[in-house]
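Asker: What follows is each chain in one-letter form.
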Amino acid sequence: MSDWIKEIEAPTERKWEEFYRNRFAHDKRVRTTHGVNCTGSCSWEVFVKDGIVTWELQATDYPAIDPNLPDITPRGCQRGVSYSWYLYSPIRVKYPYVRGALIDLWREAREKHPDPVEAWKSLVNEPEKRRRWQRSRGKGGYRRFSWDEALELIAASLVHTIQEHGPDRVIGFSPIPAMSQISYAAGSRFLSLLGGVPMSFYDWYCDLPNASPEIWGEQTDVHEAADWYNARFIAVVGSNLNMTRTPDTHYIAEGRYAGAKFTVFAPDFNQVAKYADWWLPINPGQDGAFWMAVNHVILKEFYLLKQVPYFTDYLGRYTDSPILVEVKDGRPGRYLRAGQLADYADQENADWKLLVWDEKSGAPRMPGGTIGFRWQTEKGKWNLELKDARTGEEIAPLLSFRDNSDEVVQLEFDDFGADQKTRRGVPVKNITAQDGRQITVTTVFDLLMAQFGVDRGLGGEYPQSYDEVGSYTPAWQEQYTGIHRETLIRYAREWAENGEKTRGKNLIIIGAGANHWYHNNLLYRAGIVALMLTGAVGVNGGGLAHYVGQEKLANQASWGPIAFAGDWGLPSRQQNSPSFHYVHSDQWRYERGYKDYDKTVGQNNDHTIDHQARAVRKGWLPFFPQFNKSSLEVVKEAQKAGAQSDQEIIQYVVKQLKEGKLEFAIDDPDAPSNWPRNWFIWRGNAIGTSSKGHEYFLKHYLGTHTNAVAPEQANGHVSEVRYRKEAPQGKLDLVVDINFRMDTSALYSDIVLPTASWYEKPDINTTDLHTYINPMQAAVAPLWESKSDWEIFKAIAEKFSLLASVHLSDPVKDLVMIPLQHDTVDELAQPDDRDWRRGEVEAIPGKTMPKFRVVERQYPLVYQKMISLGSRRTGSGCTV
Amino acid sequence: MHGLTIPAADFYDDLRQRQGRKLNGTTYPSLENALEVAEVILYLDPVSNGELAYRAFKDEEKKTGQKLTDLAESVRDTRISFADIVAQPRRQLTSPTWSAIINQGRAYSPFTLNVERLIPWRTLSGRQHFYLDHPNYLNWGEHLPTYKPRPDHSMLLETEVTRAEAQGMLMNYITPHGKWSIHSTYSDNHRMLTLSRGSYPIWLNDKDAKKMGIQDNDWVELFNDNGVFVQRCIVSARIPSGTVFVYHATERTVSIPKSPLRGTRAGMNNSITRARLKPVLMSGGYAQFTYAFNYWGPVGVNRDTFVYVRRIEEPNW
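Protein chains in written order, with the numbering used here: chain Y, 1 to 880; chain S, 1 to 317.
No lab work stands behind these hints, which were simulated from the structure alone. From a predicted model like this one, the values you see are computed outputs, not experimental measurements. Check before you lean on any hint, since a few could be wrong.
SDA-like cross-link-like pairs, simulated, lysine to any residue; straight-line CA separation at most 25 Å [as the list claims (entries may be wrong)]:
id, chain 1, residue 1, chain 2, residue 2
1, S, Lys-207, Y, Gln-271
2, S, Lys-58, Y, Ser-871
3, Y, Lys-595, S, Gly-141
4, S, Lys-210, Y, Pro-281
5, Y, Lys-813, Y, Ile-867
6, Y, Lys-787, S, Arg-21
7, Y, Lys-360, Y, Arg-456
8, S, Lys-62, S, Thr-5
9, Y, Lys-300, Y, Thr-263
10, S, Lys-58, S, Asp-10
11, Y, Lys-129, Y, Gln-729
12, Y, Lys-421, S, Arg-150
13, S, Lys-179, Y, Gln-271
14, Y, Lys-847, Y, Leu-662
15, S, Lys-207, Y, Gly-482
16, Y, Lys-274, Y, Glu-486
17, Y, Lys-421, S, Ser-154
18, Y, Lys-274, Y, Glu-494
19, Y, Lys-813, Y, Ala-843
20, Y, Lys-261, Y, Asn-242
21, S, Lys-67, Y, Glu-385
22, Y, Lys-94, S, His-190
23, S, Lys-62, Y, Asp-351
24, S, Lys-258, S, Arg-311
25, Y, Lys-274, S, Ser-241
26, Y, Lys-387, Y, Ile-431
27, Y, Lys-640, Y, Ser-809
28, S, Lys-179, Y, Met-243
29, Y, Lys-595, S, Arg-150
30, S, Lys-210, Y, Phe-269
31, S, Lys-22, Y, Asp-810
32, Y, Lys-599, S, Asp-152
33, Y, Lys-328, Y, Gly-457
34, Y, Lys-851, Y, Ile-818
35, S, Lys-207, Y, Glu-478
36, Y, Lys-847, Y, Val-721
37, Y, Lys-725, Y, Gly-660
38, Y, Lys-139, S, Asn-316
39, Y, Lys-300, Y, Glu-494
Based on the provided sequences and hints, a complete structural model is requested.
Answerer: Structure below.
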């Protein structure tokens with residue numbers, strides 16, 4: 001020991017320092033980043049010595065955004081810097097592995113069947129054999145095997161599934177493309193070329209804030225961290241910034257020097273709570289109640305007792321506040337449509353154009369910018385100018401009828417907290433419709449004032465003071481939030497005053513702590529209302545900054561067609577994972593119908609799966625497999641019945657669906673014909689940290705041991721789907737995990753393929769926290785027998801194409817079912833909610849039901865197409 | 001994206017020249033290796049190809065009747081390649097495929113394009129919505145901003161069987177992001193596992209723990225009808241009473257003993273959860289309520305989960 005340290009015999013030489021020098025010596029430095037879901041996208045330098053990654057350090061050469069903004073450099077956190085330990089970790093997957101029970105059976109079958117597809121068939125169609133490897137899932141017993149053997153087994157199983165069940169029984173899960181876009185695209189491109197099913201992550205992770213599409217029609221669009229510096233009043237809600245946004249948090253400190261107030265809502269005294277100017281220890285999941293009462297105070301003090309020109313102007317231009325709503329049966333109803341009035345009845349898309357009350361002309365007028373203008377023939381009127389879109393005259397939309405109403409009517413409002421209805425006075429106008437009918441209308445703003453309980457002397461059950469416990473007063477919120485009313489009033493005033501003085505520099509930074517609750521959309525909406533009321537959305541330093549999940553793929557426009565094979569003109573079977581897992585992992589069987597436990601739901605009191613089934617047949621949501629038959633077989637049947645053109649094939653299918661001869665798979669989710677069969681998992685932990693209801697995954701997907709003891713509840717509660725007495729166990733034939741870690745998903749899969757880790761491959765990484773594009777690069781070549789995801793899916797595609805040239809050699813037609821799509825004319829599909837199966841409306845694809853497209857698949861060409869960029873995207877211009 | 005049509009045939013042809021490969025006699029841009037894919041992604045996107053940003057604004061001009069191309073005029077010659085981003089991080093360009101103006105040193109703030117250039121939001125009204133009149137929203141009472149109470153355990157019904165086995169109190173179970181993992185996922189490398197106490201402790205409030213006869217570092221079993229998780233606990237006044245934390249995320253490969261209650265290997269943080277979908281979020285076929293992938297639909301909520309916690313003796317491995 002003393003010889004080695006040299007400290008005793010030669011202390012002046014300080015030889016021990018050499019150990020540390022060597023530890024950090026390097027002969028190469030490579031810029032790359034971490035393909036992790038932290039939304040950091042930090043530029044790192046990785047140091048390599050003799051072909052071994054030794055350490056990493058933050059890069060410090062970002063070009064500055066602006067001299068007036070604090071520098072972005074450096075980025076990177078105390079966790080990220082530990083990444084290099086994964087490369088040589090004991091849990092690193094070094095070789096392809098296969099479940100022992102499976103490989104024994106496979107090799108036996110291969111001896112008997114020279115054809116690998118026949119061999120797979122002989123196993124998977126033999127229930128006892130299939131059960132053998134299913135039961136061993138999660139129980140160890142992995143054996144190393146060769147890439148060649150792995151690829152052959154996987155390819156054979158794919159060919160079999162496509163032949164016997166159809167391509168939409170092949171599913172794949174990989175999360176967060178932004179963190180390594182090419183690695184994601186590897187699998188999703190392959191699946192899309194097959195006709196398989198890429199599964200979503202953002203909604204499944206509960207990172208999607210539904211309030212964003214509800215209010216803005218936008219998935220999520222948020223500030224880069226540098227813009228926090230521009231804010232002057234910051235509310236942090238359910239987001240532990242210092243811990244989860246470590247490289248960004250310096251902007252908070254800098255913003256406070258620039259004068260910002262930093263307030264934090266957190267039930268626990270966490271890192272960001274310690275950092276706050278003002279910590280509000282709110283009860284868990286009750287932030288929505290707080291913001292509802294904040295809005296009550298703002299509406300009363302900044303809209304009723306006084307008016308702030310900036311606020312009212314903002315509301316009139318940028319929100320739906322002045323838009324007219326019909327009141328019917330004593331309740332707020334639908335927006336008034338242009339087509340209901342004689343003046344505008346001849347407008348194209350008249351059902352999709354809305355009206356305001358113009359102060360100047362004292363009449364309803366039609367502004368541009370509503371969705372009808374977006375999809376009409378005449379372009380150029382889809383904008384937010386305050387003009388009558390027909391005459392071009394300037395208009396001044398009225399926010400409220402309070403001062404010039406025809407009458408005041410008492411409308412019913414829901415108070416879900418107290419489980420009661422209240423009746424409150426609302427000022428209205430009576431107008432004559434095109435058909436001579438009298439229509440009663442009010443404005444969205446007037447409804448808001450009533451909903452939030454701001455008494456304007458209109459009669460009805462309005463709370464009379466902040467101290468009255470009524471929806472939604474400062475006193476009311478105390479019972480939920482645990483925050484005193486005086487605190488709330490002070491908060492609301494400061495919030496609105498800041499908005500007034502700074503013209504909207506109010507920022508809500510919000511995270512998983514808020515978004516992971518059941519009523520998250522309402523919680524977010526309450527906060528966003530406080531932003532809109534203070535003119536904060538769409539200004540630097542103001543708005544909603546939701547950081548949950550690295551969803552921002554900056555180059556989505558060019559990446560999308562590559563990732564989902566749009567370049568070959570193929571529609572991808574994109575599946576929302578929440579619906580898929582809820583149904584296929586049979587978690588629905590453990591729930592009752594709403595009528596047994598939720599009084600707030602009114603007439604919608606059947607089972608969640610009933611809503612799900614209706615959503616699929618109306619074209620609201622995707623669901624795969626599509627049908628209780630192969631989508632390839634369905635086309636063949638149609639052709640046999642005489643259908644030739646794509647249109648005739650689709651007509652045949654619609655007829656079959658209407659007559660009940662063909663079923664959606666969702667209608668009978670547990671029928672063996674409707675099970676998913678092959679599952680690819682890559683870049684994620686689908687059976688572990690991403691498996692809400694993990695124990696049900698084990699039971700129903702995998703058919704192995706489980707610790708769930710919950711009794712089934714759904715029997716007798718469901719009306720739209722078939723309830724099968726025996727719940728299936730082990731729906732999946734083959735689970736392939738592509739991983740660099742032996743994680744929980746790897747433990748439960750059938751095959752684990754070793755993938756290159758983040759320092760071993762080229763890729764692209766982007767985030768919403770900054771506006772730079774970062775590369776990933778191979779600091780070292782893929783370690784042991786690993787390959788990058790791109791190379792792995794290429795290898796699978798190549799082997800698959802080879803087997804397909806024998807078994808699926810002819811071009812085949814596939815009928816693909818897609819729900820009505822955002823940012824297309826489908827947005828005008830359903831002015832009303834009608835169900836074709838109940839005979840309320842005709843079944844029309846793309847209108848009252850999903851869209852169908854017939855595509856040709858050439859399975860032997862899958863590999864070649866995968867590695868060539870098709871030209872379809874440039875046919876009528878590159879549609880992005 | 002955003003319903004824009006951006007002509008790019010000339011750039012596609014450039015790529016055929018630069019990295020062409022033949023398939024059935026036609027030359028296509030090659031995607032054979034990942035670097036080629038990276039070049040295609042950068043070359044064909046408005047955020048890294050200034051001419052495409054210009055053309056995208058041109059298309060948006062047609063739709064909105066507003067002058068917009070000035071936002072990309074000065075960057076029409078900009079092309080960001082993979083070599084460029086390897087040399088130094090490069091900032092994206094302003095593009096109507098997103099919603100912010102980031103020219104001239106402006107930080108990205110969403111919807112500044114909408115507010116300053118009068119581009120509508122992609123909603124029914126083209127404006128931001130206080131009110132949602134989809135028939136489903138009217139039915140569920142969510143047409144106006146509102147408050148609904150959290151679902152309680154009698155609604156969720158996931159503690160009925162275990163109530164009989166429980167000695168502890170009913171707690172709300174949540175899985176926030178942890179301090180000792182690379183974000184939500186990577187907790188199992190040497191560095192992360194040797195910080196704090198290692199493994200995946202169950203965090204309890206001090207008063208709650210006292211009531212249940214649990215001391216700091218005791219082994220505890222956390223369970224409901226869905227499943228079970230067994231770990232040592234940390235008792236801390238930092239945790240709110242009535243709540244139990246297990247930081248996201250745990251792996252079954254690290255220190256998971258058998259559950260005394262079930263006799264089998266205890267699970268992981270998701271053993272306790274179950275997916276519950278909110279039907280109103282399934283609405284579709286109508287303006288902003290039309291489907292897009294990772295964009296709309298019910299979400300996998302997980303915080304409305306109730307559990308029991310009890311102290312156990314040193315468990316079996």
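Asker: Does each hint fit the structure? Answer for all of them.
Answerer: We went through each hint and held it up to the structure:
no.: 1; hint: S:Lys-207 to Y:Gln-271; verdict: 21 Å, holds
no.: 2; hint: S:Lys-58 to Y:Ser-871; verdict: 22 Å, holds
no.: 3; hint: Y:Lys-595 to S:Gly-141; verdict: 16 Å, holds
no.: 4; hint: S:Lys-210 to Y:Pro-281; verdict: 22 Å, holds
no.: 5; hint: Y:Lys-813 to Y:Ile-867; verdict: 22 Å, holds
no.: 6; hint: Y:Lys-787 to S:Arg-21; verdict: 23 Å, holds
no.: 7; hint: Y:Lys-360 to Y:Arg-456; verdict: 24 Å, holds
no.: 8; hint: S:Lys-62 to S:Thr-5; verdict: 11 Å, holds
no.: 9; hint: Y:Lys-300 to Y:Thr-263; verdict: 23 Å, holds
no.: 10; hint: S:Lys-58 to S:Asp-10; verdict: 17 Å, holds
no.: 11; hint: Y:Lys-129 to Y:Gln-729; verdict: 14 Å, holds
no.: 12; hint: Y:Lys-421 to S:Arg-150; verdict: 19 Å, holds
no.: 13; hint: S:Lys-179 to Y:Gln-271; verdict: 10 Å, holds
no.: 14; hint: Y:Lys-847 to Y:Leu-662; verdict: 19 Å, holds
no.: 15; hint: S:Lys-207 to Y:Gly-482; verdict: 18 Å, holds
no.: 16; hint: Y:Lys-274 to Y:Glu-486; verdict: 22 Å, holds
no.: 17; hint: Y:Lys-421 to S:Ser-154; verdict: 23 Å, holds
no.: 18; hint: Y:Lys-274 to Y:Glu-494; verdict: 21 Å, holds
no.: 19; hint: Y:Lys-813 to Y:Ala-843; verdict: 23 Å, holds
no.: 20; hint: Y:Lys-261 to Y:Asn-242; verdict: 16 Å, holds
no.: 21; hint: S:Lys-67 to Y:Glu-385; verdict: 13 Å, holds
no.: 22; hint: Y:Lys-94 to S:His-190; verdict: 17 Å, holds
no.: 23; hint: S:Lys-62 to Y:Asp-351; verdict: 23 Å, holds
no.: 24; hint: S:Lys-258 to S:Arg-311; verdict: 14 Å, holds
no.: 25; hint: Y:Lys-274 to S:Ser-241; verdict: 19 Å, holds
no.: 26; hint: Y:Lys-387 to Y:Ile-431; verdict: 21 Å, holds
no.: 27; hint: Y:Lys-640 to Y:Ser-809; verdict: 20 Å, holds
no.: 28; hint: S:Lys-179 to Y:Met-243; verdict: 6 Å, holds
no.: 29; hint: Y:Lys-595 to S:Arg-150; verdict: 17 Å, holds
no.: 30; hint: S:Lys-210 to Y:Phe-269; verdict: 20 Å, holds
no.: 31; hint: S:Lys-22 to Y:Asp-810; verdict: 21 Å, holds
no.: 32; hint: Y:Lys-599 to S:Asp-152; verdict: 13 Å, holds
no.: 33; hint: Y:Lys-328 to Y:Gly-457; verdict: 22 Å, holds
no.: 34; hint: Y:Lys-851 to Y:Ile-818; verdict: 5 Å, holds
no.: 35; hint: S:Lys-207 to Y:Glu-478; verdict: 23 Å, holds
no.: 36; hint: Y:Lys-847 to Y:Val-721; verdict: 23 Å, holds
no.: 37; hint: Y:Lys-725 to Y:Gly-660; verdict: 22 Å, holds
no.: 38; hint: Y:Lys-139 to S:Asn-316; verdict: 17 Å, holds
no.: 39; hint: Y:Lys-300 to Y:Glu-494; verdict: 14 Å, holds
Figure legend: structure checked against the earlier numbered hints; every hint is met.
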